Amino acid sequence: MAEDNDYLEKIKTQQKEWEENVLQKRVKRFNLKESPTKFYSPLSTIKNDFCEKIGFPGQYPYTAGNNPFDFWRAYAGDAAKMGYRPDWGGAGGVGKYGGFGTAEDYRDYLIRMHSMGRTGGPNMAFDLVTQCGYDSDSPFAEGEVGRVGVAIDTFRDFATIYEPYTGGLEIDKVPSNFTINAPAAVIIAMYAVLADKRGIPLKKLKGTPQNDILKEFIARGTYIFPPNQSLRLFRDTCVFCTQFLPELNINSMGGYHIREAGASRVQDLAFSMANAAAYLQAGIDGGLAVDLFAPKFTFNAFGGSMEIYQEIAFQRAARRIYARMLKERFHAKNPRSMLIRQPITAHIGCSSTTLQRPLNNLTRAVVGGMAAGMSGGMPGAFPPFDEPMGLGHSQEAVQLQLDATRILIYEAKVSDVNDPWAGSYFMESLTDEIEEQTMAEMEKVENMGGAVAAIENGYMQKAIAKSAYQKQRKIDKQEEFVIGVNCYTGQNEIHVKVNREVEASYDPALMKSAEKRQKEKLSRVKRERDNTTVRSLLSTLRQHAEDEAVNLMPDICKCVENDVSLQEICDVLRDVFGEFQQAKL
Amino acid sequence: MNQKRKIRVLVAKPGLDGHERGAHVVAYGLRDAGFEVIYTGLRQTTEQIVNAAIQEDVDVIGLSILSGAHVSLTRKVMDELKNQKAGDIMVIVGGIVPDEDIMELKEMGVREVFTAGTPISAISGFIESAIPAD
Amino acid sequence: MKNSWDKLIQGVRKKDIRAMARLITRVENREDGWKTAMTEIYPLTGKARVFGITGSPGAGKSTLTSEIAKELADRGHTVGIIAVDPSSPFSGGALLGDRLRMQQIFTVKEIYIRSMATRGMLGGLCQAARDVIRIMDAFGKDVILIETVGVGQDEIEIVKTADRVMVVCIPGMGDGIQAIKAGVMEIADLYVINKADKPGADEVEADIQAMLSLSSDVEGDVPPVLQTSALKKQGIQQLVSALLENPSDTQKQKVKEEIRIREEILSLMEREVFRQVRSVWENDGSLQDSVSQVMQKTSDPYTIVKQMLLNHKNR
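Chains as they are written, first to last, in this note's numbering: chain A, 1 to 585; chain Y, 1001 to 1134; chain B, 2001 to 2315.
To be clear, the hints were calculated from the coordinates, so they are not data collected in a lab. Some hints could be false.
Stated by the list, open to error - Derived coverage of chain A by chain Y (criterion: at least 3 residues anywhere in the stretch with Cβ under 8 Å from a Cβ of chain Y; other residues may be distant):
no.	segment
1	202 to 208
2	225 to 233
3	259 to 268
4	316 to 327
5	331 to 344
6	351 to 357
This structure is a prediction, so every number in the text was calculated from the model and none was measured. C-beta atoms are modelled at their ideal positions from N, C-alpha and C, and glycine is treated no differently.
When you get a sec, could you build the whole thing from the sequences and use the hints?
Below is the structure:
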């Protein structure tokens, strides 16, 4: 240790000398108050114990990564030779995230995709009507049916989508993704009922429902019930999935959405972790041992800025915080419980892209891909450059996005080293800093009573709104620069235009007529079904909803099976649970 | 001793789209530009928006829509305003709006459309110049 | 100008909501002619009952106001709501967010909601609020609710323009009634413990009762303490009934009214005198001269004011 101390003393002396004689001289020469750049020395990471804070990839606390290498790395070479087009880095190949119109429209679209070789499970986007727990005939639905996703009113719609999924594409063979939150319980029930009707063992079902209601209150706004009651529904799905659908992921928590809503990096991480803690507690309150269900928790990607160093440090800090939280606070023993399982790690945000000179977004996406590749993920160059140009990506943009990811993997070889920044004085110090700030923010939330309390009292929402505003002000005041937006917009710049052929996958005529067709279908179902049974099922659901201790999933499954509509189920729950009221800004 | 007239703005989110970032930023920004901003929150029906605009006697309604349903939702608001004899209230729209839709929105009477990346000062400046000082 | 004022007042008489809304704007902006307009409005008023709702931030006042309004409308009343939020001292702008919590009553015909910013008018807000109340009253609103955050002196002053004031508190805000600011105690005619479905409501009630029994300020009617949950719509009917109950002590009411009228006259007078004096001083240059004198240290502000007042009287 004495030698260590001598060593550090030597560096200290040299740093002081450097600051005074080299750095300050230059700062003065350019007439600055302080240096515009930073340099980190071993003094920045004095506290770091490699084993305790970093560890080897795939070992606690997972700072260096979840695995020694990811599964895709094992097959990357073969994939290139075969021309295999996996969905690397977002909206691309198989199982493209999508959905529109009626269930029939979406089914036909999926069949067309299959014929183009894009097989794989559906990655479903639902229309806002479904996401908010309404049916297509609700007054709230007007103009929104089938717009941003597929409309689901009853189980029959759900079953229709799965018509092409038989044989080699049977639902026990391909995983499904459901981007659904507030009514996630209903969609999970539909999936279970579908398997049951097809005679497929539930325990073989794979896939991921988003099922992350807490971030809806603070980021996306498709909530229905108040936070506590929403968490009860989460508990019910968590217990149900753990018992009957053990292969299904339970949720996909979204830090990314929180950032896109305007949260700072630290808020994003702290709120995501606080939300995760609430879900973990909900599972435990449901009577489950943490290691029984925590391994089935997943995360939607974290990320959302162009600041490449910060985003890399963020991923490292996130893995460490989550692992420690699981181990120390929730006493997990299973290493899989401690992992942040996410499809990709860092990336830029859609809000990092600009409408001005949109091809620049490809450059931006590459930066995000670099950050991902250097922080334990696939270097996905997300999103396609035409993201801000209106809803829908062009084929050209998707092609370039996929190619950018491939170039990073195969040509730049970004993914050949695990955690390449490990041990960097700078990166370790930045990782510590993000961790410390996040822990402080989390403590604030925990002191309020946790995520639910911080949503009920509007703390998280206000903090995010304020942060979003601060960011905008910085751009407006040129404290932050966005190329082509608030700088380099002069006459000497060329406003590069792009060709863009938007994939005509969604027939506008179908979109337009979806509402009418969906309403007709729904009214037919309501005529044909056994309405006496429907009434009795809903009344049982109501009774059970009133008793906090009851798991509602069996009732919801029965409702779904008997063609009770999504809104009818949600309406009963609205009645019992109440509806979320937004907090004042 | 007349006070300088306060400009009142209603920031509204019609439809089910829950992305509030733009609405929040604009609400804060216009407040800091000296406007009185009324924010009514998510999931507003056309009737709610128009009633609020009339009761609050606002000079401007700013609609924030990111679901792609801007054309149909805006048309509903414009129709309801005319229906309630309040067609004189200025309407502006913010969101992800493709160029061809901007034309359509302006044809139905929307005074201006602000897409992503617009500085707040551009919005407040536009409102100040478009509202007659009386 | 006169014409358009008349038109708006006619509109208010004919229950035209846009006319009322516009008249409120112009009076609130203190546009030329506003006092004449209010003189014409005044005889049309006097029928409405005015209730003030105040309490600390986060007490759920807006939601409670919304529920009270709905209950009142259900009982056949027509309701006006004034929701006051602070203006930014820096920009003069304001973010008026109370409506957000009143979405459910946006389209109830009998209810009119108006958000109002404090506009940094020291004391002036009270008069503006009185004016808005009167315009609503003249329109025919028979109950008017005025909601403000009970933090600043201004806000406390505003609710004093009401016939009855309810102070809203919630359980779990630290030490029971700590949240209730000094100065609010004396004006409360009614205490409401909102969010009473949360633990600790009974403790807060006990605290308030204890405080009331100790207080020497409270004479006559002891303010009732009620528990509600605006979100769960519990206790609202009882609260509305209590609000509408006529106070038994009519003598006390009379005294209160006398004080209110006196205060209004004095405050209008204060502003008017100041406005007149100031405009004379500004226009004849004497204000600028005085400033120069003090700058040059040939006089001091105290002497200046004394002299200018003397000159003003002799004018």
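Which hint numbers does the structure go against, in order from smallest to largest? 1, 2, 4, 5
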